Amino acid sequence: MKITYPHMGHLYIVIRALLTNLGLDVVLPPATSRRTVELGVRHSPEFACFPFKLNMGNYLEAKEMGADTILMAGGVGPCRFGYYAQVQQQILKDLGIEMEMVVLEPPDVSFREVKDKIRYLIGDLSWWQVIKATRFAWCKARAIDTVEEKLLYLRPRVIEPHKLERYFREALQEIDTADNRRAVQQVVRSFLKKSEMMPQHSREPLRVGLVGEIFTVLEPFANYDLEKRLGLLGVDVTRSIWLSAWINEHLLGGLLRIRHECVHDKRLAAPYLNSFVGGHGKETVGCTVGFAQRDYDGVIQLAPLTCMPEIVAHSVFPAISKDYEIPLLTFYLDELSGEAGIQTRLEAFIDLIAAYSRNKEGVL
Amino acid sequence: MGIDVGSVSTNLVLIDPEGELYLSPLYLRTQGQPIAVVQQGLALMEERLSSEDRICGAGTTGSARSLAGVLVGADIVKNEITSHAVAALREVPGVRTVIEIGGQDSKIIILRNGIVVDFAMNTVCAAGTGSFLDQQANRLNLSIEDFGDIALDAKNPVRIAGRCTVFAESDMVHKQQMGYALSDIVAGLCEALVRNYLNNIGKGMDINPPVIFQGGVAANAGICAAFQEALQTEIIIPRHFDVMGAFGAALLARDHIVEQDGKTKFRGFGVTSLEFQNTSFICQKCPNACEIIEIKQEKDILARWGDRCGRWTVVEAEAKDSQPVKA
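Residue numbers (my numbering), protein chains in the order written: chain A, 114 to 477; chain B, 5 to 331.
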């Protein structure tokens, strides 16, 4: 069995660690590129969301490299993600491509089903091996989030952001290749030490919260490197969604208790949004309110074009913006988004929040 | 000096230290050659200046702002939205809504107490922008200058489907075949475009007076009347409506220089006679196949952009990072 899985930001490192330690033969598709988009778009319905198209591209590129099995997450609820796997499977079949798809539905829906699927994948490996592999993968997920959080914090502050970026790339690669927990932690420590010693500007950067649909937030290719653009424009970006939190919630069924702001912020969605609308709609609203309460200068929402949960969330934005006097900006992204338009709107938004925050200080 | 290099036109303005326009602005057609048009603009400007005049700062804006900034040595490179807002505030200090329609984009800027609080740009569709009007005027055998005035003669504007340029065009053809008067069709088109603008770009925006209308399309009396009708408020068209972007960039450059108390990075009018090469090549290092654009002046590389990974821009940026800051 040669197993592959679609890309989502740096998730590949975590899944690779997990599957390799389960004794599986992993075929990682090449990093999502324009070629991936072309392949994916060609074989997807036009109005499918952007992540769907990128997934398709990933599968097809993995197939070229010899993969025969796809591991994919499933979902329930109003978001279309729940049907991704089934539709993608059908498209592959119509294309005459023989690939088996193993869909892991959220464990809180049917624990037994997940268990059976894992058993199918790992053959006669013991459950203890599974726990060990999961713990190791979890350690990598936490490590990635730690270095990335530092990157987001430091990028607008250091004088040489490009050098910091390089350190970060190197750290990611080292985390990927590390084969034991101690080595992973060593990489994190050395990155933190190196990056914290870099000379910094004295000015305090503007702070922007990033909310929205998980894939577009986590995958730099899908959001046109939005975090980097903001960082280089001198903005401190705080994400509402982190890889490890997502894994915990969706793949481990919330088994671990990790401290995470966003989990609490979900409750703040009321009274703006009281019901579950699928995807991360409620988190988007809740986290936006959370950022506003913590005096952020602005919030940016990211979503794939036609993303229903995010459109619902977007519709209550004017009320939040008015109540908390916080500027909000939304980007709907897909393969046709223009880079120049994104950059222009970002720059204008930053000018706007800068003026806003100066004005606020003046009033106080 | 302010330079606005847009998709259709390139504008240059000069302002004096008080922020008043100095000499008349230049309005040129970009014609897809931003480098040549900037050089041409500078040459024309130089001819008009006397020997005592001195450029103390330069700002660029528009979709080719980075390119123009590199060419002339701009002190400030600013996005169109901020530039337009700055210029609008200067013309009408209490302005609360700015409608801007240019060659290929249109925007709305909402201001309160002199600061921008919201804005939107057309992102997916160019219906209702200058280029479309240009094209339709052409098709109807009208000069773009007369287009707006003809609309004013209309008695019963026809309802035209304005959601999409393609449908708008076929709808117009249909109405022509039905025998509607030309002025009614033109007026109908103006109304359709305004409706489209307000439904798309103006969606969810709090449009309050004073409203100012700028950009090349503001010259069109028909569109202006349609806005007036739709918003039920007076539409102010500023004096230099067609060069507001460049005007804003100039004001920003002036403020920047005054604040920093610095010397300008403007490279002088010698730029007009220099040979610039812009070449592009496709990077083969990964399947992204980014198109890298390289601006060279004789043998020196001035700038590179277009890569996702930063491989090409970074070489330079790091070189700049580590250079000592010049006093």
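Errors might be hidden in some of the hints.
Derived Cβ-Cβ restraints for the label pairs, each shown as a range [as the list claims (entries may be wrong)]: (1) A:N472 to B:E233: 30 to 36 Å; (2) A:K115 to B:N203: 49 to 55 Å; (3) A:Q406 to B:G266: 36 to 42 Å; (4) A:P431 to B:C313: 36 to 42 Å; (5) A:R380 to B:L156: 53 to 59 Å; (6) A:L449 to B:D138: 20 to 26 Å; (7) B:K289 to A:D436: 44 to 50 Å; (8) A:S388 to B:D138: 44 to 50 Å; (9) B:Q288 to A:G209: 55 to 61 Å; (10) B:D304 to A:R380: 56 to 62 Å; (11) B:A40 to A:G347: 31 to 37 Å; (12) B:K269 to A:A432: 41 to 47 Å; (13) A:E448 to B:E56: 32 to 38 Å.
The set of hints was computed from the structure by calculation and includes no laboratory data. Keep in mind it's a predicted model, so treat the numbers as computed, not measured. Ideal Cβ positions, reconstructed from N, Cα and C, are used throughout, including at glycine.
Evaluation of the provided hints:
no.	hint	verdict
1	A:N472 to B:E233: 30 to 36 Å	holds, 34 Å
2	A:K115 to B:N203: 49 to 55 Å	holds, 51 Å
3	A:Q406 to B:G266: 36 to 42 Å	holds, 40 Å
4	A:P431 to B:C313: 36 to 42 Å	holds, 37 Å
5	A:R380 to B:L156: 53 to 59 Å	holds, 57 Å
6	A:L449 to B:D138: 20 to 26 Å	holds, 24 Å
7	B:K289 to A:D436: 44 to 50 Å	holds, 48 Å
8	A:S388 to B:D138: 44 to 50 Å	holds, 48 Å
9	B:Q288 to A:G209: 55 to 61 Å	violated, 31 Å
10	B:D304 to A:R380: 56 to 62 Å	holds, 58 Å
11	B:A40 to A:G347: 31 to 37 Å	holds, 33 Å
12	B:K269 to A:A432: 41 to 47 Å	holds, 45 Å
13	A:E448 to B:E56: 32 to 38 Å	violated, 54 Å
Violated hints for the displayed structure, listed by number in ascending order: 9, 13.
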